[in-house]
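J.: Chain by chain, the residues run as shown.
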Amino acid sequence: MSEETMLSVLEDLLKEEDVLAIMLARKNEISVSPPPDKFKLKNPSIFSLLQSTMNEFFVVIEKFSSQGLDKIYFELGEYELMFFLIGGDTALVSIIPALANKGLLEVEMENARLKIRELIQKGV
Amino acid sequence: MFSASVGLSRNWEPFDAGEEIVINTLEKLEGEPKFFLLFPTIHFEKNNGFQKLLDGVFSQLNRSTPLLGCSVAGFINPKGCYTRGVTSLAIADPDMQVTIALGKNAKKTPQKAAEEFANMIKKEKSKNNSGVLFLILPGSTLPKDIFHRTRRISNPLLSSLFDKFFPLYLALSKEGVAKESEFIDKLYSRISEKMIGISAWDNNLGFSNYQFFGNRVLQNSAVGLYLSFSGEITIKYATPLKIFSEKLRVTKKDNSNYLINEINGLNAPDLFFKELKLEKKYLTEELLRKITLGFPISAYCGNIFFNRVIGLYSDKFLGLTTALNTPEIYISTASGSSIINSFDKVTDGGEKTNFVFGVSCAVLLEEVGSKIFEVKNILEKKQIKNFLFLFGGSEHFMTEVTPISSQESSVTTFF
Numbered sequence: 001m002s003e004e005t006m007l008s009v010l011e012d013l014l015k016e017e018d019v020l021a022i023m024l025a026r027k028n029e030i031s032v033s034p035p036p037d038k039f040k041l042k043n044p045s046i047f048s049l050l051q052s053t054m055n056e057f058f059v060v061i062e063k064f065s066s067q068g069l070d071k072i073y074f075e076l077g078e079y080e081l082m083f084f085l086i087g088g089d090t091a092l093v094s095i096i097p098a099l100a101n102k103g104l105l106e107v108e109m110e111n112a113r114l115k116i117r118e119l120i121q122k123g124v
Numbered sequence: 001m002f003s004a005s006v007g008l009s010r011n012w013e014p015f016d017a018g019e020e021i022v023i024n025t026l027e028k029l030e031g032e033p034k035f036f037l038l039f040p041t042i043h044f045e046k047n048n049g050f051q052k053l054l055d056g057v058f059s060q061l062n063r064s065t066p067l068l069g070c071s072v073a074g075f076i077n078p079k080g081c082y083t084r085g086v087t088s089l090a091i092a093d094p095d096m097q098v099t100i101a102l103g104k105n106a107k108k109t110p111q112k113a114a115e116e117f118a119n120m121i122k123k124e125k126s127k128n129n130s131g132v133l134f135l136i137l138p139g140s141t142l143p144k145d146i147f148h149r150t151r152r153i154s155n156p157l158l159s160s161l162f163d164k165f166f167p168l169y170l171a172l173s174k175e176g177v178a179k180e181s182e183f184i185d186k187l188y189s190r191i192s193e194k195m196i197g198i199s200a201w202d203n204n205l206g207f208s209n210y211q212f213f214g215n216r217v218l219q220n221s222a223v224g225l226y227l228s229f230s231g232e233i234t235i236k237y238a239t240p241l242k243i244f245s246e247k248l249r250v251t252k253k254d255n256s257n258y259l260i261n262e263i264n265g266l267n268a269p270d271l272f273f274k275e276l277k278l279e280k281k282y283l284t285e286e287l288l289r290k291i292t293l294g295f296p297i298s299a300y301c302g303n304i305f306f307n308r309v310i311g312l313y314s315d316k317f318l319g320l321t322t323a324l325n326t327p328e329i330y331i332s333t334a335s336g337s338s339i340i341n342s343f344d345k346v347t348d349g350g351e352k353t354n355f356v357f358g359v360s361c362a363v364l365l366e367e368v369g370s371k372i373f374e375v376k377n378i379l380e381k382k383q384i385k386n387f388l389f390l391f392g393g394s395e396h397f398m399t400e401v402t403p404i405s406s407q408e409s410s411v412t413t414f415f
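Residue numbers (UniProt numbering), protein chains in the order written: chain D, 1 to 124; chain A, 1 to 415.
Please note that the accuracy of each hint is not assured.
[Claimed, not checked] Far from chain A by the CB rule (all over 12 Å, computed), these chain D residues:
(1) Glu29
(2) Ser31
(3) Lys38
(4) Lys40
(5) Thr53
(6) Asn55
(7) Lys71
(8) Met82
(9) Phe84
(10) Gly103
(11) Lys122
[Claimed, not checked] Straight-line distance between alpha carbons at most 25 Å, and here's what the computed DSS-like set of lysine-lysine pairs gives:
(12) D:Lys15 with A:Lys252
(13) D:Lys115 with A:Lys381
(14) A:Lys247 with D:Lys102
(15) D:Lys122 with A:Lys164
(16) A:Lys345 with A:Lys316
(17) D:Lys102 with A:Lys376
(18) A:Lys122 with A:Lys112
(19) A:Lys164 with A:Lys280
(20) A:Lys376 with D:Lys115
(21) D:Lys42 with A:Lys46
(22) A:Lys247 with D:Lys71
(23) A:Lys252 with A:Lys274
(24) A:Lys112 with D:Lys115
(25) A:Lys247 with A:Lys280
(26) A:Lys52 with D:Lys15
[Said to hold, decoys possible] Pair by pair, the computed Cβ-Cβ distance ranges are:
(27) A:Lys274 with D:Ser2: 53 to 59 Å
(28) A:Lys79 with D:Gln121: 16 to 22 Å
(29) D:Gly88 with A:Lys280: 33 to 39 Å
(30) A:Asn62 with D:Gly88: 21 to 27 Å
(31) D:Gln121 with A:Pro94: 52 to 58 Å
(32) D:Phe64 with A:Lys247: 43 to 49 Å
(33) A:Pro167 with D:Ser31: 34 to 40 Å
(34) D:Ser2 with A:Gly336: 49 to 55 Å
Calculated from the structure, these hints are not laboratory results.
This one's a predicted model, so the numbers in the text were calculated from it and none came from an experiment.
Just so you know, even glycine gets a beta-carbon here, dropped at the ideal spot from N, CA and C.
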């Protein structure tokens, strides 16, 4: 799948005011994300930590994926992390403010996931 | 022959989005559009984006075509579910007559705005045909600098001042509280048409919202469209909320019916949290936000159960975004499945029609999040192919007897 095409989906999502950082994480592969200078995080180390621990997340994700695991949320101080899973080995991950209107953002996360799934299926 | 076409643009550039949406709406429309409705999300707000959007629209649309619209929190159309972008509706029907209306300063002087609006409708509308009014009102707004992502007034002095001077603020304010009930009550003292309506909204922060009338971007204005045609009009209403508390009685409130100070003779916020079995000292901003959205105040008008979201909270009052003059109230709540089921209910019968048009509350969209895609699945299962659902600040409707404004509900009409 073309990184450029994936990047355009992620960059589109990053234009949302409350999407502070975004990446497409893939198990045992380098994640795809816009350049960190485009992120709106006050604390950029959160993103680095997330990137470096993604493979550990995938160990757990894979175990639950056969049970229908679809999304994971967790709160991290003033931030919230949303994982929208694409199979057991790929996840669309965004960092949003803890008090964001998460429901509205979820709709656009779902649209991005649908688009990424479509691109993966087409082998773009 | 009746033809309805719904458009979509996901372009971030407002002028290009305007051009694109007219092209993709009109290419599917069979006939000349009688009107063009435009519903963008708040993302176009910066850098005069709404005006650029309208400029893009009118670079493709004949300037004589009536255009109305407002900012919304999101929408569902045959292409999908979105909380960013712009959608549109155009209808062609040689037998349909269209009357547009505008009421300026609907927040500062709602009665005067309603008079102005009613006069435009009454002057132009055909006397013989049946019809339906589509009404767009400005939604309530809060000052961004004071209420950034919170609905709580924690400062005791500010709370006391707000409580004491709210009627004065309401009388003088050109912005802020929407005064939807005041507008609608006056309007329906002059007209009696069936109605479906929405309040303009943003991305659920409640900081700003816009209305569109022709090529003008407006704030604090009521805009509307009266469609007269032969045939029956169906207006359907559903709310997913169920009664959570026992019946309660408002015993002290401000004269404008926006602030509830006492319920059953007790401090209203204290009683509210007691009913929810929550101790106020444990209330975080996040929890408070979930509670005030998830447990609105509800009441009956005849056999219609309607709701008011708690938009503002302090130790002295529960502040409603729309006035409520019924003393008997309930605290109510909804589950994710009851929200989805309410869309099922409100679209029943739509499969036999040409087009389903619905308005719903942005709070319901916020509560179900990406599960809103199930609503689209329901419509597809019912083989409803042509539809548009908008999510705004409040829903308004008139069936037979009395007009009602509600929140956390859905209203539909079928063509």
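J.: Next step is simple, just say for each hint if it's right about the structure.
T.: Hint check results:
no. : hint                              : in the structure
1   : Glu29                             : holds (25 Å)
2   : Ser31                             : holds (22 Å)
3   : Lys38                             : holds (14 Å)
4   : Lys40                             : holds (15 Å)
5   : Thr53                             : holds (25 Å)
6   : Asn55                             : holds (26 Å)
7   : Lys71                             : violated (8 Å)
8   : Met82                             : violated (10 Å)
9   : Phe84                             : violated (8 Å)
10  : Gly103                            : violated (4 Å)
11  : Lys122                            : holds (18 Å)
12  : D:Lys15 with A:Lys252             : violated (46 Å)
13  : D:Lys115 with A:Lys381            : holds (22 Å)
14  : A:Lys247 with D:Lys102            : violated (32 Å)
15  : D:Lys122 with A:Lys164            : violated (63 Å)
16  : A:Lys345 with A:Lys316            : violated (38 Å)
17  : D:Lys102 with A:Lys376            : holds (20 Å)
18  : A:Lys122 with A:Lys112            : holds (15 Å)
19  : A:Lys164 with A:Lys280            : holds (23 Å)
20  : A:Lys376 with D:Lys115            : holds (17 Å)
21  : D:Lys42 with A:Lys46              : holds (23 Å)
22  : A:Lys247 with D:Lys71             : violated (38 Å)
23  : A:Lys252 with A:Lys274            : holds (18 Å)
24  : A:Lys112 with D:Lys115            : violated (48 Å)
25  : A:Lys247 with A:Lys280            : holds (22 Å)
26  : A:Lys52 with D:Lys15              : holds (19 Å)
27  : A:Lys274 with D:Ser2: 53 to 59 Å  : holds (58 Å)
28  : A:Lys79 with D:Gln121: 16 to 22 Å : holds (19 Å)
29  : D:Gly88 with A:Lys280: 33 to 39 Å : violated (43 Å)
30  : A:Asn62 with D:Gly88: 21 to 27 Å  : violated (53 Å)
31  : D:Gln121 with A:Pro94: 52 to 58 Å : violated (44 Å)
32  : D:Phe64 with A:Lys247: 43 to 49 Å : holds (44 Å)
33  : A:Pro167 with D:Ser31: 34 to 40 Å : violated (56 Å)
34  : D:Ser2 with A:Gly336: 49 to 55 Å  : violated (36 Å)
Of the hints listed earlier, those the structure fails to meet are numbers 7, 8, 9, 10, 12, 14, 15, 16, 22, 24, 29, 30, 31, 33, 34, in rising order.
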